[in-house]
Amino acid sequence: MRNRVIIGSIFVLLVVTISALAAAMLSFLPNTDRLNVTATSNAGEIPDPYEPVPERVFAQPEDIQEETDLPPIDKEPPEYPNLDSNLNRLAQVAEEVLRPASADGQGSGQVAEPVLVTFYIDPNYVGDVREYLEENGVFVRHVGEDYIEAHVPPGLLGAASERPGVLRVDTVIPAQRTQTRENVASQGVGLHGAEAWHDAGYRGDSVRVGIIDSGFEGFSRLQGHELPGNVTARCYFEGPRAPSSRPQHCEVDSDHGTAVAETLIDVAPEVSLYIANPYTLGDLRDAVDWMAEQEVRVINHSLGRPPDGPGDGTSPFSNSPLRTIDAAVKADIAWINAGGNEGLKVWYGTFSDPDNSGVHDFTPRDNGNHFIVREGDQVAVFMRWDDSWGGADCDLDLELYSNERGADEKYPLVSYDHRFQDGSEGSIPLAVVGFDGEATAADEGVYFLAIRKRTCVEEPAWIQLIAWIRGPLQYRSPAFHMGGPQESGNPGMLAVGATHYWNTRVIAPYSSRGPTIDGRTKPDITGVDCGRSVVIWATSFSEDAQCWFPGTSQAAPHVAGLAALVQQRFPGYTPTRVTSYLRRNAAERGGGTNNIWGHGLATLPDPSGTSEPPGDVAPPTGNIAVRDGANSGEVIVSWDAVPEATHYRIGSVNMKTDYPAAKASASGEWRSAFRYSDVNAINFTAENGRVEYTIRHLERGARHAFTVHTTSDATYGLTYGGRFRWPGRPYWAYHTVP
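Whatever position you read off the sequence shown (first residue = 1), add 12 for our numbering.
Some hints here could point you the wrong way.
[Unchecked claim] Derived BS3-like pairs (lysine-lysine); straight-line CA-CA distance at most 27 Å:
id, residue 1, residue 2
1, K422, K87
2, K422, K465
3, K465, K675
4, K87, K675
No lab work stands behind these hints: they were computed from the structure.
All chains, full assembly: derive it from the sequences and hints.
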């Protein structure tokens, strides 16, 4: 049976450009409430603790008066179920012009420009599919354990999608830049405490730092003053061509990476710089493997990428950026990632349809979630929901409409994702819509998103909409903004939020906030943005403030520069110790670790202190398992022994009673419901590298979650708070108490 999973319905999505003008700074305005159809599934929004935006620079969603009412739409199987909606369109158009010469599609003499796609394949068939593509003259870009990236002529798409083992074929979606002439330095250098480290001799010397970004236009013009004279590069091409080591080949698409490099060099001026501009997820992994070979120790990634997992920091796909981050950290590289600028561009809730129309009601009167588009804007929106990633059986559709009614008084359907989630092996709970601005001749105007439910074996507990757009969504959520690489739980990675240099006690309104879908605190730390730049022109934010480089795109390289200074001072530090050092020394904001600031504002301590900080945390605990104990109400928790640990913290939470109560609390932070026992590691004897602990007096028949933290703080006492590290994967284990 054909797999009915289709990713896409995008019209050749390009990288979403967030303007350095008012787009990132002045378009984040109060909530909206208008338009037409039936009841919101979210509780009322909490007030945003941010400074008000001084003025409105273009129309906002709340200005829209027209009501929205959507009729039913029949859902028909596509011609090629394994192709996404965009590729189906291209394949059918190509076949009308030129069909393959044989049933296999071989020798077809394709004439149309190849399309860059990703084949997701049963691992047992990857070799066969690769052979088929190469026999047909296809340029194969990357091959992984369960995927192939290739440049396929449109006329071959249909036949290729039906090859044995092919689960689905997706359009490649580029990353999103998270940014919204004498030598200059960013204000963040002093605010992050780097100047004192410079004076003490820590300027990043001998530390190799990688910048992975979308483009480095103008890089060579700044070399020798704003940027280092020497740089090592691995440059990728959108077309079918092997990577190049010539830095000028990275000077394409945008100057975003150049601005990122400028900021990082301000903080760590003597690092050795390595740059790459990967276009696909396979390119990204290739770039990281290359940087690992070059002995890079810190990577900055100021890009957002589509979500590709259930929101717990994992993904079933080997080409996932989450897996790439894990590979980087394993290769002794600390990973610093922009936390995202989706603070006003995410809706999170449950499906609500009291009128049984089959369309979600964002409010009692509105089926549509509206936003403003300016001429030439590029748009991409991703929807994921609570379901199996590889067997999803809740069939939801995402649709994008223009709010300008046509002659028939209907709203034009601009883009849609009507893939089938039918429980088959390749079915995943993800939908994508969008356009590139030029392909649809998108002018200024109003567009809206609609969610349709076809059939669901079980109602999803949550739905998340992430919009890569210029301005805010009409209906949005105050939390659960994380997606893509930012949601990684790897302890060697930091997701960085943003605060303006002129007031580092107020978070930037667009800075994405946590928690993650599975309840982990995000971002991990916060950096300064809007700092001085020669790459990006300043924009007036208010009477006494200028913003050069807005967004978490600049906050991240500020923190990556700090990581390089820490690496120079403590050359033996692993990635987890580097990130731990930055977390521990962050200036507290918002009262402890929280989902707005993370651990606080990244700040280096006085460098005149001890060369080796006491009380560093141990590596995270791994492979937590639980089994029945000898008696009722008793379980045995086991985990990998940590040689550096001085204490273990073993925690449990009753998922039947304590978990719901914590989720319903003001913070919504369910991890606070864990009850812990702190035990000296000397009391544990490891057998085959494993240790275990018995927990008693648990509620019989109730499902519990269990976790184990570690610390290597030699000064820790049972009456002291301790500095514990959350465990590695799995973060917790579930077990029903006998």
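| query | Which hints, by number, does the structure contradict? | reply | 4
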